[in-house]
Each structure stands twice: as C-alpha cells, then as structure tokens.
Amino acid sequence: MNCNLSDNQKSIKIMLVGEGGQGVQTIAKLLAKAAFAKDYHTSYIPNFGTEQRGGISIAFLQVACEEIVSPKFVDPNVFIILSSRDINRTLRYITKNTTVIYDKYLVKKEIVEKLKKQSPTVVGVDAFELATEKLSERSLNILILGILIGFVDCTLIEKITEIMDKKFQKYYDKKPELKKLNHEALTLGLNLTTA
Amino acid sequence: MPQKENRQFLQGNVVAAHAALAAGATHFYGYPITPSSEILETWVNLVGDPAKPNKSPVTKEPLQYLQCEDEMTSGFAMIGSCLAGKKAFTTTAGPGNILMQDAFSAAEALRIPTVALIMQRGGLSTSTVIYSQEEVTLTCLGGNGEGFRVVYSPHNIQELYDYTIKAFNTAWKYRYPTFVLGDGYQGKMHGEVNLHTMDPKSYVKPKPILLSNKGKNKKSVNLRNCYDQEEEIYEIIEKYRKDFARDSKKIAESESLFLDDAESVIISHGIVSTAAKEAVGRLRKHGQKIGFWRPITLRPIDLPGLLKAVKGKKEIIYIESALGQLSRLINDELMSSNDNRVRNVRIKTMFKPALGISPRDITDFISKNVS
Chain X
2 MNCNLSDNQK SIKIMLVGEG GQGVQTIAKL LAKAAFAKDY HTSYIPNFGT EQRGGISIAF
62 LQVACEEIVS PKFVDPNVFI ILSSRDINRT LRYITKNTTV IYDKYLVKKE IVEKLKKQSP
122 TVVGVDAFEL ATEKLSERSL NILILGILIG FVDCTLIEKI TEIMDKKFQK YYDKKPELKK
182 LNHEALTLGL NLTTA
Chain Y
806 MPQKENRQFL QGNVVAAHAA LAAGATHFYG YPITPSSEIL ETWVNLVGDP AKPNKSPVTK
866 EPLQYLQCED EMTSGFAMIG SCLAGKKAFT TTAGPGNILM QDAFSAAEAL RIPTVALIMQ
926 RGGLSTSTVI YSQEEVTLTC LGGNGEGFRV VYSPHNIQEL YDYTIKAFNT AWKYRYPTFV
986 LGDGYQGKMH GEVNLHTMDP KSYVKPKPIL LSNKGKNKKS VNLRNCYDQE EEIYEIIEKY
1046 RKDFARDSKK IAESESLFLD DAESVIISHG IVSTAAKEAV GRLRKHGQKI GFWRPITLRP
1106 IDLPGLLKAV KGKKEIIYIE SALGQLSRLI NDELMSSNDN RVRNVRIKTM FKPALGISPR
1166 DITDFISKNV S
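Going down the list, the sequences are from chains X and Y.
Residues 2 to 196, numbered by this note's numbering, are exactly what the first sequence covers, in order.
Residues 806 to 1176, numbered by this note's numbering, are exactly what the second sequence covers, in order.
Hint data in this document are derived by calculation from the structure and do not stem from the laboratory.
Some hints here could point you the wrong way.
Said to hold, decoys possible - Covered stretches of chain Y, as calculated for chain X (at least 3 residues, CB under 8 Å):
no.	region
1	881 to 889
2	932 to 945
Claimed, not checked - What follows is a set of in silico ranges between Cβ atoms, one per label pair, in the way DEER data are often shown:
no.	chain 1	residue 1	chain 2	residue 2	range
3	Y	Leu1016	X	Tyr172	29 to 39 Å
4	X	Asp87	Y	Asn1174	26 to 36 Å
5	X	Thr27	Y	Glu1043	24 to 34 Å
6	Y	Pro855	X	Thr51	51 to 61 Å
7	X	Arg90	Y	Lys1153	19 to 29 Å
8	X	Asp87	Y	Thr931	17 to 27 Å
9	X	Cys66	Y	Gln872	34 to 44 Å
10	Y	Thr942	X	Gly50	31 to 41 Å
11	Y	Asn850	X	Arg90	28 to 38 Å
12	X	Cys66	Y	Glu1068	45 to 55 Å
13	Y	Arg1146	X	Asp87	46 to 56 Å
14	X	Lys135	Y	Glu866	51 to 61 Å
15	X	Leu92	Y	Lys1055	22 to 32 Å
16	X	Thr156	Y	Gly885	52 to 62 Å
It should be emphasised that the depicted structure is a prediction, and the values quoted were computed from it without experimental measurement.
Every residue gets a Cβ at the ideal spot worked out from N, C-alpha and C, and that includes glycine.
Just chain X, with the same shape it has in the complex:
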C-alpha cells in the first residue's frame, strides 16, 4: 500500500460539524470512499438527529495506513466547523493538537473565541463567500471537500472527482453546468489548503 498521508502521518481523524442540508455527510462519505478506493483503511460514522434540515450534523472520519480498530474518537486531528449551532456539544472534541478550520461567514465571532480557547491552531476560511461569489451557494460543501483533501492526501483529488461525478451524474444530466462548478469548487478548496 502506498501510504501518502499529509505530513507523513500514519492516520488522520477528521470531525466535520455542520447542520442538516449543508452536505456534511455527503462530503465525508465521498472522501471515505475515495480513500478506501486508494487502499487506505477508512471508517466513517454519521451522527445526526431527527431533523431533515437545520439540526446539528456531525461526521467522524478516519483515514489510516493501518487497520482501524475503533471508529469513534474524541481527539480529531482536524475539526471543520460550518455552523454556530449547538457548539457546546462539540467543543469537548477539540484538543490542543487539533487544527480547527471554521468558515468566517457561517461561524459567529463569539464561537470563534470559544474555539480559540480549545486549540492554538484555529484558522478561518472564506469558503462560503468564495462559493457564493465565484460559484454557487450549493458548491460550499464541495469546496470544503477540496480543503479536506489537502489535509488527507492531495493525490485523492482524481479519485474523488471520479466518484463525485458518478454520484451526481443524474443532476449533471439536468444541469450540465453543475459538473464544472463542482470541479472548480474542489480545486478552489484544495488551493486554499495548499496555498
């Protein structure tokens, strides 16, 4: 197996925190499937309530070079947050070693202050603004997926594009411009991490 995780890590634990409808589970699943297809050991647990939209939605994702024994964790390497909702429930997962990525538009300032108390590495990104200005609001989750790829393994982008295109083909058939938007969102996100 060609283990090529960023920063020579043996495993990476990612927690995605958003709200129903933002596509948090979709991107976690896409990344997990792509990583598995590239021979990484992978596990993904979705965590959400009964709401179709608006409730808190969390994904626990692990990508590793070795077998994953336990799928649940409380010490993510990367914590991506796209919503201010219910923050007290997820703050406990952030450790001093966690890199926290938050969206500057979607996450309130007082929440950012709370995040900074948990970890010294808290980074704001203009994902929502970039998505709405350059692409479309619905591209936000794919842009975030691009950011995530940078934290896991940049070479996953081809496999993710392949799996994503297959998954969204029925939408592309109705709106062909979506395919280009998704590809641009992915690259835009990846460029944010690697910049």
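With chain X fixed as given, assemble chain Y onto it according to the hints.
Just chain Y now, kept in the frame of chain X:
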C-alpha cells in the same frame, strides 16, 4: 481480517442485509425505524421486482418481503413464516424493539427459530435515533419470558456480517429466537468488510414446524401456548431451562486479551469493545498490567471464559454506553460462583448512557481510577 482483494467499504445496515442473504434467509418482515431502516431497504433491493423476485443464492427459492403496518405485526408475521418452514427475519430498534417483545416472547415460549437484527438507538423511550447500548436488558430478557434466547453482540462491521450468518444457523439448529444486537453506529457507519459466502456445512435447513414427518402421513403439530395449571407450565419452563443450560455450552462465545499477567480486566461488549481493545493496547505500552474480556454472546454468557478472565484479578472495570445493563448480566453470573477469588474482585464502572466511547475516554478513565 478480510483478504484485501475481497474488501468492500459498505454501510453496516447494508452489510447486515447481505449477511441474511448469504445465510439463506428468504423472507423479511419489518417496519422501518432509524437507525435500522437500511436493512429493510437493502433487502427490498435484493428481492428486486416482487412480481419476478430474485432467488436465494443458498436455497434458490424466491426472495420475499412485507413491510407491515407496525412492529407487532412484523414480529408475528415473521413467526408465521418460520412456522411454515421459511427462514424469515426482521429488524428494528428502540421503541420498535419494545413493541416486538410480544412476538419474541411467543417465539421463546414455543421454541420457534427467528432472527431479529437490532440496532440500538438512544434510550429512554423515543430518545435519539443515534446510538446507545441501552437495549441489552430488553433484548436479552424482554417480554414475560425467562431469557431463553441467543443474543450476539458483534463489535465491528465484519463481525456484524459473520454473526448475522451465524445467528440464522444457531436459531434453526437449537430453536431459540436469536438476535444480533448491533447499534446505531454499527448500522449507520461505513467500514471495511469481506462479504464471504457461508460455509455450506454450517447451513441448517428449515422445515415446516407445524407439520410432523413422523409416520406415513404428515400430521399437524399443535404448539401449545396456553396452559391450565401452574404445574404444567412449570414443567415446560424447567425443561427449557435444562435445554438452555445444555445448549449454552455450545453457543456461548467470548474473546479475551492479555489475561495472563493482567491485574485489572476491562469488560465491555459491542462497539465499545473496539475502543477498549485499542485503549488496552495503548495502556500496556505504558506498562499497565491490564487485560480485556468481552462476551460475544450476551445470552448465554460464556461462564467458563468469564471466570477465567476474572478469577484472582484485582479488579474488573465495566465500560458501557448504558447505566450498567451489561454489568448486571455479568455480576449475576459472578455471584453464582462459590469461588471467593471471583466473588471478591473489586468492581469499577465507566457508564456513559447513550454516548459513544472512544479509546481516549477509556485511557483517561483508567489513568485516573486504576493504579
């Protein structure tokens, strides 16, 4: 560990449905409830067009399903199908598990083989659709029965597949209602699995229970579920008790690690065991003499395995996503021992009802509470 070339990355519920197919199940009855619904959905896809259904890879019979109006109907429809000689199963969770206990009690009373795949969600009552280990007592001892049931508690997606196949063979071999007790994480998560075919030697062929093949002519069999005298039912229960004690020796399973030099032993089950295993590995790297034991069958408990794990140890530490539902089962077994080296073992508990438990939660707890 599955062979790499056969590995697939699938959702637990999808895996469970494929296991039922591989086990030779042909009929499914159920009512959807999160976090188990994808088992029903996957089975419906496996059946295909109901007018021209796909066939079982094991028996070549057509596959069938019925989405019933509720869980009580699902449970009894499954029983009817099993009485007719079909390998039928159901799946449910939480409040649905409560409603199905009526049917499960009937299956227990009449020794009807059935299989139910339970994906535990949060208690109490409706609660969350996410996760817990709070349906242990209900699944092992629910209804107005005595717990003459088999309950497997798989700890990862591969075991969910393997023990679902096994559940069908155990149910039909010994004639007990049999359960695979998963949870919302196992059902909804995606993980690695090898969807192997069943060993044909392990397959137990079902036959119509209400028909006897004895003699020249087939005769109908009356399964009695109503008794006039207390002595009558006492005799039946006594017979079942002896049968269950005898069969338990063949059914009960457990797994242990590092018991030889362990002073303390973590006891957990299901997905919490994966966190416990990882935590024990980490703690031992730091010189802690800690071992691990988990029941794979919650009913019956592997008593010889348990006694070996506990005897002479300084302490046992129960770790559960419930308020002691596993520990009550185990303590009950330990108290039946006359050996003071078992009865005098100190007990510590880490109970987090309805909350997921990670390896770090466990290492933190052990560091603070175990010397």
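Original post:
At the C-beta level, are X/Arg90 and Y/Lys1153 separated by a distance inside 19 to 29 Å?
Top reply: Cβ of X/Arg90 to Cβ of Y/Lys1153: about 27 Å, so the range 19 to 29 Å holds.
Subject >> Three-residue Cβ test at 8 Å for the coverage of the region 881 to 889 of chain Y by chain X >> reply: violated (count 0)
**OP:** Check the following: the C-beta atoms of X/Leu92 and Y/Lys1055 are separated by a distance inside 22 to 32 Å.
**Re:** violated, 49 Å
**OP:** Could you check the hint for me, namely that Y/Thr942 and X/Gly50 are 31 to 41 Å apart, CB to CB?
**Re:** violated, 25 Å
Original post:
Should the hint that X/Asp87 and Y/Asn1174 are 26 to 36 Å apart at their CB atoms be regarded as holding?
Top reply: holds, 30 Å
Original post:
If you check the beta carbons of X/Thr156 and Y/Gly885, does the distance land in 52 to 62 Å?
Top reply: For Y/Gly885 against X/Thr156, whose Cβ atoms are near 55 Å apart, the range 52 to 62 Å holds.
Original post:
Honestly, do X/Asp87 and Y/Thr931 meet the 17 to 27 Å range at C-beta?
Top reply: holds, 19 Å
Original post:
So does X/Cys66 sit 34 to 44 Å from Y/Gln872, Cβ to Cβ?
Top reply: holds, 43 Å
Original post:
Is the gap between the beta carbons of X/Thr27 and Y/Glu1043 within 24 to 34 Å?
Top reply: Given a distance of about 56 Å, which is not inside 24 to 34 Å, the answer is violated.
Original post:
Against chain X, does the region 932 to 945 of chain Y show at least 3 residues with beta-carbon separation below 8 Å?
Top reply: holds (count 4)
**OP:** Just tell me: holds or violated, for the beta carbon distance of Y/Asn850 and X/Arg90 against 28 to 38 Å?
**Re:** This hint holds: roughly 35 Å between Cβ atoms.
**OP:** Kindly confirm whether 45 to 55 Å is satisfied by the beta carbon distance between X/Cys66 and Y/Glu1068.
**Re:** Violated, at about 33 Å.
Of the numbered hints listed earlier, those contradicted by the structure are 1, 3, 5, 6, 10, 12, 15.
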